[in-house]
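Residues per chain are reported as follows:
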Amino acid sequence: MLNDFSSALRPALVLTVLFALLLGIAYPLALTGVGQLVFPRQANGSLLRDGGGRVIGSDLIGQSFTAPGYFHGRPSAAGTGYDASASSGSNLGPASQVLADRVTQDLATLRGEQAGKVAPDQVTASASGLDPHISPEAALFQAPRVARARGLPVARVTALVGEHREGRLLGVLGEPRVNVLELNQALDSMAGTGAQARP
Amino acid sequence: MTVQGWILILLYTALLIAIAKPMGMWLFALYEGRATPLHRVLGPVERGFYRLSGIDPQAEQGWRKYALHMLVFQLALLLFTYAILRLQAVLPLNPRGLAGIGADGAMNTAISFTTNTNWQWYSGEVALSNFSQMIGLTIHNFLSAATGIAVAFALFRGFARRETATVGNFWADCTRVTLYLLLPACVIYALFLIASGVPQTLASSIDATTLEGAKQTIALGPVASQEAIKMLGTNGGGFFNANSAHPFENPTALTNLVQMLSIFALGAGLAWCFGKAVGNTRQGWAILAAMMVLFLAGAGVTYWQEAAGTSLFHQLGIAGGNLEGKEVRFGIAASALFSVITTAASCGAVNAMHDSFTPLGGMIPMINMQLGEVVVGGVGAGIYGFLLFATLAVFVAGLMVGRTPEYVGKKIEAKEVKLAVLAIAVLPLCILGFTALSAVLPAGLAGPLNKGPHGFSEILYAFASGTGNNGSAFAGLTAGTPFYNGLLSVAMWIGRFFMIVPVLAIAGSLAAKKYTPETAGSFPTTGPLWVGLLVAVILIVGGLTFLPSLALGPIADHLAMISGQLF
Numbered sequence: 001m002l003n004d005f006s007s008a009l010r011p012a013l014v015l016t017v018l019f020a021l022l023l024g025i026a027y028p029l030a031l032t033g034v035g036q037l038v039f040p041r042q043a044n045g046s047l048l049r050d051g052g053g054r055v056i057g058s059d060l061i062g063q064s065f066t067a068p069g070y071f072h073g074r075p076s077a078a079g080t081g082y083d084a085s086a087s088s089g090s091n092l093g094p095a096s097q098v099l100a101d102r103v104t105q106d107l108a109t110l111r112g113e114q115a116g117k118v119a120p121d122q123v124t125a126s127a128s129g130l131d132p133h134i135s136p137e138a139a140l141f142q143a144p145r146v147a148r149a150r151g152l153p154v155a156r157v158t159a160l161v162g163e164h165r166e167g168r169l170l171g172v173l174g175e176p177r178v179n180v181l182e183l184n185q186a187l188d189s190m191a192g193t194g195a196q197a198r199p
Numbered sequence: 200m201t202v203q204g205w206i207l208i209l210l211y212t213a214l215l216i217a218i219a220k221p222m223g224m225w226l227f228a229l230y231e232g233r234a235t236p237l238h239r240v241l242g243p244v245e246r247g248f249y250r251l252s253g254i255d256p257q258a259e260q261g262w263r264k265y266a267l268h269m270l271v272f273q274l275a276l277l278l279f280t281y282a283i284l285r286l287q288a289v290l291p292l293n294p295r296g297l298a299g300i301g302a303d304g305a306m307n308t309a310i311s312f313t314t315n316t317n318w319q320w321y322s323g324e325v326a327l328s329n330f331s332q333m334i335g336l337t338i339h340n341f342l343s344a345a346t347g348i349a350v351a352f353a354l355f356r357g358f359a360r361r362e363t364a365t366v367g368n369f370w371a372d373c374t375r376v377t378l379y380l381l382l383p384a385c386v387i388y389a390l391f392l393i394a395s396g397v398p399q400t401l402a403s404s405i406d407a408t409t410l411e412g413a414k415q416t417i418a419l420g421p422v423a424s425q426e427a428i429k430m431l432g433t434n435g436g437g438f439f440n441a442n443s444a445h446p447f448e449n450p451t452a453l454t455n456l457v458q459m460l461s462i463f464a465l466g467a468g469l470a471w472c473f474g475k476a477v478g479n480t481r482q483g484w485a486i487l488a489a490m491m492v493l494f495l496a497g498a499g500v501t502y503w504q505e506a507a508g509t510s511l512f513h514q515l516g517i518a519g520g521n522l523e524g525k526e527v528r529f530g531i532a533a534s535a536l537f538s539v540i541t542t543a544a545s546c547g548a549v550n551a552m553h554d555s556f557t558p559l560g561g562m563i564p565m566i567n568m569q570l571g572e573v574v575v576g577g578v579g580a581g582i583y584g585f586l587l588f589a590t591l592a593v594f595v596a597g598l599m600v601g602r603t604p605e606y607v608g609k610k611i612e613a614k615e616v617k618l619a620v621l622a623i624a625v626l627p628l629c630i631l632g633f634t635a636l637s638a639v640l641p642a643g644l645a646g647p648l649n650k651g652p653h654g655f656s657e658i659l660y661a662f663a664s665g666t667g668n669n670g671s672a673f674a675g676l677t678a679g680t681p682f683y684n685g686l687l688s689v690a691m692w693i694g695r696f697f698m699i700v701p702v703l704a705i706a707g708s709l710a711a712k713k714y715t716p717e718t719a720g721s722f723p724t725t726g727p728l729w730v731g732l733l734v735a736v737i738l739i740v741g742g743l744t745f746l747p748s749l750a751l752g753p754i755a756d757h758l759a760m761i762s763g764q765l766f
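These protein sequences, in sequence, are chains A and B. Counting along the first sequence from 1, when you hit position 4 you're at 4 in our numbering, and nothing is skipped either side. Each number in our numbering comes from the position in the second sequence (counting from 1) with 199 added on.
Just chain A, same shape as in the assembly (with noise of 0.2 Å):
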């Protein structure tokens, strides 16, 4: 037994060492420099700047909301809100007194700004709290106050938030949705109302 003890050693210590070169540095390395070369856009994390070149954020990763005049993300539990250095979901339970006060707080602010059915990703937290998207029936809910706030017509932001609809995969995969980021993006780039709505 203390033979076979003694015997293990050897391989186990040069096999750490070696794996810890191969799977620790070696791998992961190797992949970052051809990440890099080949797609060098997403391996940074799918970065938008805009037309200075400055980083607004990312494709990806949902951001906070509070001007009438954009599109708001989901609520967020992420921080103190889409802290992009924090991710995390609310993990409240399904019988949380804690839960019925925020999605009835966030639901009298939702009806009081405008009248109609909000959507259920309006009102849970995401479970990264980074969720760059809502579905289009949320978007649909909030064009009326953002048209109204951008002094635009409802019917041409409604039709902005089609353009922006991304649909299931095949078919199947996934769920329709609107990435709240690219969406607000194209809303200041509409010729002539940018400027205006503005925070």
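These are calculated hints, taken from the structure and not from any lab test. Keep in mind that the hints are not guaranteed to be accurate.
Unchecked claim - From chain A, some residues computed to sit far from chain B (all C-beta separations above 12 Å):
#1 D83
#2 G112
#3 Q114
What the hints assert, rightly or not - Covered stretches of chain A (in silico footprint by chain B; criterion: 3 or more residues with CB under 8 Å from a CB of chain B, positions within the stretch not fixed):
#4 63-69
#5 96-110
#6 141-154
In this text, all values refer to a predicted model and were calculated from it rather than measured experimentally. No residue lacks a Cβ here, since even glycine has one placed at the ideal position from N, Cα and C.
We have chain A; now place chain B onto it with these hints.
Leaving out everything else, chain B in the frame of chain A:
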């Protein structure tokens, strides 16, 4: 529930069954030690590793030596990661100047990744440098998976070999699986993930100025390389706190489907490989059939419950399913399906927050883990856990017909049954024992976020996850305390190695036995009767023990919810 939701579940099952055989054939080549096309490229690496570490890959080991060498290797890896985490502050690739991890936390994480659990008390993007993630954790994701497969191979050899004293060579099994399967598969997988939007960079964050003019710090890192093995090796430890719900880990519905497939891929392949190893692939398909029965039943219940939604939202006028803690791009069906897959395997990655599931929807993941994650299961761990139940099932069948039980040509006798029961008994002892302890001690009661029965569910889930080496959580639980770090470390260690050592002992005992040819009197272990018996034994032996604890947690939670009570 939607048509698309059901199509997704069926499509997933069909794809899984389609990849079981090709995956199994590849595994079978490694099981036999045959050359694969990759040997031309990686053969020199393998031989170099053996030479430097003084390994003779042809040297066969008895089960005791196999187990001991496996344990020494695990210990070396564990101490390695412990040191990396403790010394984080002075190691490279730490531009944010993160401090070293405390003793209890580092020990918990080192054990967690060594045991293929990947329970995470910390938030990856907050607490760990890129160096710690790459070197300290990724290496375990490969080697804990390879170790699981090695142990499964040893058990297969126990069934397949006749009157032999040895079960293989641990070092050769572990090295071959890593070099010829996990590493090349992960390179391709990671490239697919990068192309789909998963970052792969050495930068740890970038600052953005949002449209509203605020500053948003976006955490980045070498995510794709870790993500690939995290899923394929059923590890489940996320780069980010939100795991596969984070858009950088799992950006699209397509990556989500691939991630779900990669959780089960090796487990399904191993079931086929087992059949091939014992000379009858129908044995493997029978196992896979029993697994699929349990899997589809679980997926159906969780999808149904999540799509039905919660009373709280319905009363507030929000109709439809439960979207709290779920991402819009996945929706309810893909979130429910993912939760069942990740807990049926010992993966533990999540694409939705299980803590916010409906009570019964969240109960299925819990049951999956309590059963020992034998429904496809973790790589290696799933199939050897399942074979323990198969041993019990033939024993039960033998008792009923009054014959010595046999399985795939080997007589199952008192020794094997005792060892199987020993391994299976670890689950209730650890899960229920530690849950009970935590539910009475102040340090335990300080953990739960939610009040009422859901708080109890958070504790029960944690120990089911730790003991089952799953790693997912009802994440409201504040687990980063010395109390939970300590107890969960013990649970993870016991859940892994008090299972593996008896399994290897069974392997040794079986390998020494004569081959017993099948006769007209043998109980058939391929048809629907056998599949039904397997399912029943797993549910009764594995599941019934936990029914009282489920009544106190999710079932009480459900009754409270439908009566409109809030906590």
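Hints, one by one, checked against the model:
no. : hint    : result
1   : D83     : violated (8 Å)
2   : G112    : holds (14 Å)
3   : Q114    : holds (14 Å)
4   : 63-69   : holds (count 5)
5   : 96-110  : holds (count 7)
6   : 141-154 : violated (count 0)
Hint check: violations occur at hints 1, 6; the rest are consistent with the structure.
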